[in-house]
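Q: Below, each chain spelled out in residue letters.
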Amino acid sequence: ETGVTQTPRHLVMGMTNKKSLKCEQHLGHNAMYWYKQSAKKPLELMFVYNFKEQTENNSVPSRFSPECPNSSHLFLHLHTLQPEDSALYLCASSLRLGDNTGELFFGEGSRLTVL
Amino acid sequence: GEDVEQSLFLSVREGDSSVINCTYTDSSSTYLYWYKQEPGAGLQLLTYIFSNMDMKQDQRLTVLLNKKDKHLSLRIADTQTGDSAIYFCAEKATGFQKLVFGTGTRLLVSP
Numbered sequence: 373e374t375g376v377t378q379t380p381r382h383l384v385m386g387m388t389n390k391k392s393l394k395c396e397q398h399l400g401h402n403a404m405y406w407y408k409q410s411a412k413k414p415l416e417l418m419f420v421y422n423f424k425e426q427t428e429n430n431s432v433p434s435r436f437s438p439e440c441p442n443s444s445h446l447f448l449h450l451h452t453l454q455p456e457d458s459a460l461y462l463c464a465s466s467l468r469l470g471d472n473t474g475e476l477f478f479g480e481g482s483r484l485t486v487l
Numbered sequence: 005g006e007d008v009e010q011s012l013f014l015s016v017r018e019g020d021s022s023v024i025n026c027t028y029t030d031s032s033s034t035y036l037y038w039y040k041q042e043p044g045a046g047l048q049l050l051t052y053i054f055s056n057m058d059m060k061q062d063q064r065l066t067v068l069l070n071k072k073d074k075h076l077s078l079r080i081a082d083t084q085t086g087d088s089a090i091y092f093c094a095e096k097a098t099g100f101q102k103l104v105f106g107t108g109t110r111l112l113v114s115p
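As they're listed, the protein sequences go chains A and B. Okay, so the first sequence: first residue is 373 according to our numbering, each after it adds one. Okay, so the second sequence: first residue is 5 according to our numbering, each after it adds one.
Since the hints were derived computationally from the structure, they do not count as laboratory data. It is possible that some hints are incorrect.
Said to hold, decoys possible - 25 angstroms max Cα-Cα, derived DSS-like pairs, lysine-lysine: (1) K60/B with K72/B; (2) K102/B with K74/B; (3) K412/A with K102/B; (4) K408/A with K390/A; (5) K424/A with K394/A; (6) K60/B with K74/B; (7) K40/B with K71/B; (8) K40/B with K60/B; (9) K74/B with K40/B; (10) K394/A with K71/B; (11) K102/B with K60/B; (12) K391/A with K424/A; (13) K424/A with K408/A; (14) K102/B with K413/A; (15) K424/A with K390/A; (16) K408/A with K40/B; (17) K72/B with K102/B; (18) K74/B with K412/A; (19) K424/A with K412/A; (20) K60/B with K424/A; (21) K74/B with K413/A; (22) K412/A with K40/B; (23) K60/B with K71/B; (24) K60/B with K394/A; (25) K40/B with K102/B; (26) K102/B with K71/B; (27) K408/A with K102/B; (28) K408/A with K394/A; (29) K391/A with K408/A; (30) K72/B with K394/A.
To be verified - If you only want the chain B side, here are some residues facing chain A, beta carbon under 8 angstroms, derived: (31) V8; (32) L12; (33) Y35; (34) P43; (35) G44; (36) G46; (37) L47; (38) L49; (39) Y52; (40) F92.
Each residue gets a CB set at the ideal place from its N, CA and C atoms; glycine is no exception.
With these hints in hand, go ahead and build the complete structure from the sequences.
A: Rendered as structure tokens:
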């Protein structure tokens, strides 16, 4: 139990659907992140939030829309996705942005399948 | 740009030592990390090393850093079946906010 909870754990959606992934952290951290994990590819940083403000958008297509209503919650809204967007989406948090200990606390991920 | 490379797969027998290798391109990398991802779980920080160190040891884990060759390795002594997981190498430059991860190396430990 890392203190970072992601729901749902598995999601299957069609290309025309709209769905959301949710992440919640109970660690009192100030920075939250979305990563995409695809087979045989480096772990890919998508978005970074620091004190609810987005500080990085790593050239992510607009069909992915993040939302951070407070420092404990992070959402990833999904619409008109493509089959190549199927992946494991990982949420992470850290006490501070750019903390040199590098300690990110990850959730277990949401496995997304786009049909 | 930054790039971190790892081999995708390593298979060892229980009781042997495992060595997982990583190369990185950013010469300004000052911190390097090893994360472990067990099946069905997120990543968990195993250890990290500052670039002015050559080696760091923590129980069964030994991290070696060759800064000249930009090569990082993780040695697991007396590998156990519970060590089967994906191991990610990551690097960060001072003043930068984000970690850059590799592809991960899947370690399979057979009895």
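Q: Now look at each hint and say whether the structure bears it out.
A: Taking the hints in turn, this is what the structure says about them:
With a CA separation close to 17 angstroms, the supplied pair K60/B and K72/B stays within the 25 angstroms bound. For the proposed pair K102/B and K74/B, the alpha carbon gap of about 19 angstroms is at most 25 angstroms, so the pair holds. At roughly 21 angstroms between alpha-carbon atoms, K412/A and K102/B fall within 25 angstroms of each other, so this suggested pair holds. Distance restraint check for K408/A and K390/A: the Cα-Cα separation of roughly 18 angstroms lies within the 25 angstroms cut-off, and the hinted pair is therefore satisfied.
Among the hinted pairs, K424/A with K394/A is consistent with the structure: their alpha-carbon atoms are about 15 angstroms apart, no more than 25 angstroms. Restraint check for K60/B and K74/B: the C-alpha separation of about 16 angstroms stays at or below 25 angstroms, so the hint holds. Between K40/B and K71/B the CA atoms are separated by roughly 22 angstroms; this keeps the pair inside 25 angstroms, and the hint holds. Restraint check: the Cα-Cα separation between K40/B and K60/B comes to about 17 angstroms, which is no more than 25 angstroms; the hinted pair holds.
For the suggested pair K74/B and K40/B, the alpha carbons sit about 21 angstroms apart, so the restraint of at most 25 angstroms is met. Between K394/A and K71/B the alpha-carbon distance is near 39 angstroms, which puts this suggested pair outside the 25 angstroms criterion. A hinted pair counts as satisfied when its Cα atoms are at most 25 angstroms apart, and K102/B with K60/B qualifies at roughly 23 angstroms. Taking the CA atoms of K391/A and K424/A, the gap is near 21 angstroms; set against the 25 angstroms cutoff, the hint holds.
Under the criterion of a C-alpha separation no larger than 25 angstroms, the hint pairing K424/A with K408/A is consistent with the structure, at around 20 angstroms. Between K102/B and K413/A the CA atoms are separated by roughly 17 angstroms; this keeps the pair inside 25 angstroms, and the hint holds. Simply put, K424/A and K390/A have alpha-carbon atoms about 23 angstroms apart, close enough for the 25 angstroms limit, and the pair holds. With a C-alpha separation of about 16 angstroms, the suggested pairing of K408/A with K40/B holds against the 25 angstroms cut-off.
Proximity of K72/B to K102/B is assessed by CA-CA distance (about 23 angstroms); at most 25 angstroms being required, the pair is judged to hold. Simply put, K74/B and K412/A have alpha-carbon atoms about 22 angstroms apart, close enough for the 25 angstroms limit, and the pair holds. Proximity of K424/A to K412/A is assessed by CA-CA distance (about 32 angstroms); at most 25 angstroms being required, the pair is judged violated. For the given pair, K60/B sits about 36 angstroms from K424/A by alpha-carbon distance, which is inconsistent with the 25 angstroms threshold.
The suggested pairing of K74/B with K413/A holds, with an alpha-carbon distance near 20 angstroms, which does not exceed 25 angstroms. Pair hint K412/A plus K40/B holds up; C-alpha atoms about 16 angstroms apart against a cutoff of 25 angstroms. Distance hint between K60/B and K71/B is fulfilled; the C-alpha atoms sit about 14 angstroms from each other, no more than 25 angstroms. This hinted pair does not check out: K60/B and K394/A have alpha carbons roughly 37 angstroms apart, beyond 25 angstroms.
Between K40/B and K102/B, the direct Cα distance comes to roughly 18 angstroms. Compliance with the 25 angstroms bound is thereby established for this hinted pair. Taken as a hint, the K102/B and K71/B pair is honoured in the structure, with Cα atoms around 20 angstroms apart against an allowance of 25 angstroms. Straight-line distance between C-alpha atoms of K408/A and K102/B comes to about 14 angstroms, which keeps the hinted pair within the 25 angstroms bound. Between the alpha carbons of K408/A and K394/A the distance comes to roughly 14 angstroms, so the proposed pair stays at or under 25 angstroms and holds.
This hinted pair checks out: K391/A and K408/A have alpha carbons roughly 16 angstroms apart, not beyond 25 angstroms. With a CA separation close to 42 angstroms, the supplied pair K72/B and K394/A exceeds the 25 angstroms bound. Below 8 angstroms, beta-carbon pairs count as interface contacts, and V8/B has one with chain A at about 7 angstroms; its hint therefore holds. Nearest Cβ of chain A to the Cβ of L12/B: about 6 angstroms, under the 8 angstroms cut. The hint holds.
The restraint placing Y35/B at the interface with chain A holds, with a minimum CB-CB distance near 6 angstroms, inside the 8 angstroms limit. Restraint check, P43/B versus chain A: the minimum CB separation of about 10 angstroms is more than 8 angstroms; hint violated. Checking G44/B against chain A by beta carbon gives a least distance of about 7 angstroms; that is within 8 angstroms, so the hint holds. Against a cut-off of 8 angstroms between C-beta atoms, the interface hint on G46/B holds, since the closest Cβ of chain A lies about 3 angstroms away.
Because the beta carbon of L47/B sits about 5 angstroms from the nearest beta carbon in chain A, less than 8 angstroms, this interface hint is met. The criterion of a C-beta within 8 angstroms of any C-beta in chain A is met by L49/B, whose closest approach is roughly 5 angstroms, and the hint holds. Look at Y52/B: its Cβ gets to within about 5 angstroms of chain A, closer than 8 angstroms, so that hint holds up. A hinted interface residue such as F92/B counts as satisfied when its beta carbon comes closer than 8 angstroms to some beta carbon of chain A; here the least separation is about 6 angstroms, so the hint holds.
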